[in-house]
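Undergrad: In order, the protein sequence lines correspond to chains A and B. The first sequence begins at 0 in numbering that gives the first Met the number 0 and counts up by one. The second sequence begins at 0 in numbering that gives the first Met the number 0 and counts up by one.
No lab work stands behind these hints, which were simulated from the structure alone. For every residue, glycine included, the Cβ atom is placed at its ideal position computed from N, Cα and C. Worth double-checking, as some hints may not be accurate.
[What the hints assert, rightly or not] From the structure, some residues in chain B lie toward chain A, with a derived Cβ separation under 8 Å:
hint	residue
1	GLY180
2	ILE290
3	LYS306
[Said to hold, decoys possible] Computed spacing ranges between beta-carbons, pair by pair:
hint	chain 1	residue 1	chain 2	residue 2	range
4	B	LEU52	A	MET31	30 to 38 Å
5	B	PHE60	A	ILE158	57 to 65 Å
6	B	LEU86	A	GLN242	52 to 60 Å
7	A	PRO497	B	GLN211	39 to 47 Å
[Unchecked claim] Calculated Cβ distances over 10 Å to all of chain B for the following chain A residues:
hint	residue
8	TYR40
9	ARG53
10	TYR199
11	ALA201
12	GLN311
13	ASN474
14	GLY491
15	ARG502
16	THR537
17	ALA582
18	GLY596
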Amino acid sequence: MPSKRITIKDHTAEANLFARRTVIALFVVAVMISMLVSNLYYLQVSRHDDYQTRSNGNRIKILPVAPNRGLIYDRNGKLLAENRPVFSLEVVPEEVKDLDETLVRLQQLLSISDDDIVEFKKSSKRQRRFKPVAILNRLDPQQVAIFSANQHRFPGLSIEARLARHYPYAGALTHMLGYVARINKKDLQKLSEAGLDADYAATHDIGKQGVEKFHETILHGKVGYQEVEVNSQGRIIRTLNFQPPLPGQDLVLNIDVNMQLEAQKILSGKRGSVVVIEPATGGVVALYSNPSYDPNMFVHGISGKNYRQLLQSHDRPLINRATQGQYPPASTIKPHLAILGLEEGVITPETRLFDNGKYKLKNVSHVWRDWVPWGHGWVDVSRAIQVSCNYFYYDLAYRLGIDRISEAMGQFGFGDYTGIDLYEESDGNMPSRGWKRARYNQPWYIGDTISVGIGQSYWTATPLQLAHSITTLVNKGQRFVPQLLRGRLINGELVREPNKELRPIVVKDEENWNIALEAMYNVVNGEEGTARKAFKNTPYHAAGKTGSAQVVSIGQDEKYDKETVAESDRDNAMYVGFAPFQAPEIAIAVALENAGGGGSQAAPIARKMMDYYFKDRTDLVKNPPLISSGPAQEQLD
Amino acid sequence: MLRTKLNNNRQSTLAKIHIDGWLLMGLIVLMSVGLVTIYAAGGQDWELIQRQLVRLGVALFVMFAVAQVPPMAYRRLSVYFYIAGVLMLVAVLVFGVVGKGAQRWLDLGVVRFQPSEVLKLAVPMMIAWYISRFNLPPRNMHVLVGFILVAIPTLLIAKQPDLGTSLLIASSGIFALFLAGMRWKLISFIAVLASGFTPVMWYFLMKEYQKQRVITFLNPESDPLGSGYHIIQSKIAIGSGGLEGKGWLQGTQSQLEFLPERHTDFIFAVFSEEFGLIGVLGLLTIYAFIITRGMIIAMRAQEAFSKLLAGSITLTFFVYVFVNMGMVSGILPVVGVPLPLISYGGTSMVTLLAGFGILMAISTQKRIMSRE
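Please take these sequences and the hints and turn them into a complete structure.
TA: Have a look at this one:
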């Protein structure tokens, strides 16, 4: 039998070894447990009072302290947006012995409605324990006084004050200034993504629209911190550490609030907008859209009913017509096209055409009509602007072609954002071949070009773009971004915001600017000027251009009768201009929806605005007139 | 004679179903204490209690089932458990599911589980089986092989990264080696090596957040609102509990939500706040009772495999308790280890009670040799 080596285990010896090791292990366990226990003894007995104090008696909390929002002034120092104290009545439900009984007594004292009580009960269920819940949100001073005198009867209740935004000029500034309202989930998300949610920890409101939104970062400031000792009631006992918040900067705008109020008065009852810009800097002196609404409604939370009213109103007050209203510019762009034509050599200052009222092209059946059915007769570029001759421009556009027009008008800023400090801006539309192919998948037709020549067809622009293009004209090519922000107040001193320049328009012949500008002078002052009636007897020299934008196309042989056509089909009245002619201080654009003719409806608005602007000026001299009203018209016998 | 007979009868009823009475009693008491504390810590959320009861029920069932299996039956299978566990760890690293910033899970479609849980039992089993094949005390060579067997899963788990669990699994294997009679010279040698390795670990192997935990541990006040917040609030909770505690449901640190993770890792702080040092001593007594019972079971076991397995399971259980209480009271850095049978949460509950099931199986083995 083969023998296998068998190792026999000595179980007893093994058991003894194991037992020894076990004893050692248990000894180590005991040592470790005593280490644990002695540390716990240290915490729970030796340092007990200290920890007790820290937890039960008093607690340290770090409270964020909201920065004060910067104020907003107009260029003359008038306060447009301020912060006012608002009082609310709050309670920590866990601190009140009998909440229902307390509420009953409270109702007797302050006449709180039953609905408010129901609301309060609902929100207190949602709130975390030991955190305050609001019973009443906006106490008037009388309620504050009554409660304060009786506060001792209501332990656990307190009046809390915070600052809320207020707009003294209400609807006169809404679209431009915007408003602040409560931070909602979407706002929080955006703040989180930008890493700013800690900064807004104590902030209630955020800019939602207009300047308030665009310049939110400057206006908000930076949060501060208060390290406080708080007792188990949540009441602050004392402040341990305070890092003051950095208040938001006060802003000064280029806006003149008096001009805004004037615009509000003048545009009352109409749907339309006014934009006034300083050509020298790009500063926006006025930007008003009608109808408007009171922004104070939003600050404390607009009611569902009121908001629906705004949304569903036929006149759409929520739209900023000055920056978002897209209208065909109509004849207002004739000066711009004139410069292009002169630069390209397609026309010269001496070029003359005979306008018989009907523009025809070879082999094309369509007839493009002038707005004077029998035509204006002989016109050159200057007269064509003065009387707003369509025939001349049909021809000019035809010979320029859409590509050159599109490119040049793009240089004036059409079809692009102006870069104004508002988020609510539209870029309008500057049509081109590529655009039409992409949008409608159709080729560009000659007829489209011809309509573009008088500022119709697919071309749309906002009143802001129009005003901006006039400042470029007035500046003879130098372009400034329109700016609402004039500067910030730092230590009481105004620190100006620098002007922002865009790529200027460079021309071959500087004289071409003058031809257009002088023609615009004649629009207002010449014998045939389409705006002469509106600007009669102004104490200043003005210049401009009228426009009547078709909203609905008229059939070939029909006539446009402003009396009988429905209001929604009536032309939009447009006007652009500037003054004083010799040294322009303001450029203006007016657009009225469905109002009729530019000369009869829009120009008077511009006149009233300019009258107001120049009302106390003694340095302007009207007589004698500067420039003759253009070459005399030759008559065909 | 009569007395012995009666004892035998009593033992044999429970022993027939392979339940160790003392152990069971200790575990039930612990679980009850746990439920009471979770109720306070979780803001009196009854749903939490219900869910925890379900978990406890499932785990007890597992324990009962495992207790029915005589340890000799799976002694031979230890190697396969170990290999399977290591393969699963590799699988996790290759295509594991990421959760909470670590790759620890395997998704089997129907169920998700952490392979490191399997290894909590497979490693001590493997070591116990390996070492018990030889005469004890083992030769140094065998011990070194044992270390290698421990090192493989430890490194794989540490790579997930899950430093805490890897160290606990390493210690369970090392306990088995120690109890088997590893020579003192070797122990001191390894100890010196380990302390020499620590700076290497710090500078080259530890991740930033792990290092941050150690720094915070050494000086929690350096970052009171960030990483130090946990431990400061925890110490406040414990310290303010005092000798007698604030009373059940009266702990302000937890009720006012100052203390984070209070129904999971930091539940000991809630317990200390509400039941005081007296309560803590009582809790420690229960744990000590269970541990003592476990070591007695180990000593009474019949052969080396069972002894080593029982011993290492019991000592590892103690390490969990010590590490959690230590981290919560500030004498160890925060490692994210729950307090066994008290903390809310079920992942390790099943493994834990399976281990106790093994203990019970060992305890109720048919005895050939009796020390009584």
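Undergrad: Please list, smallest to largest, the hint numbers that this structure does not respect.
TA: 8, 9
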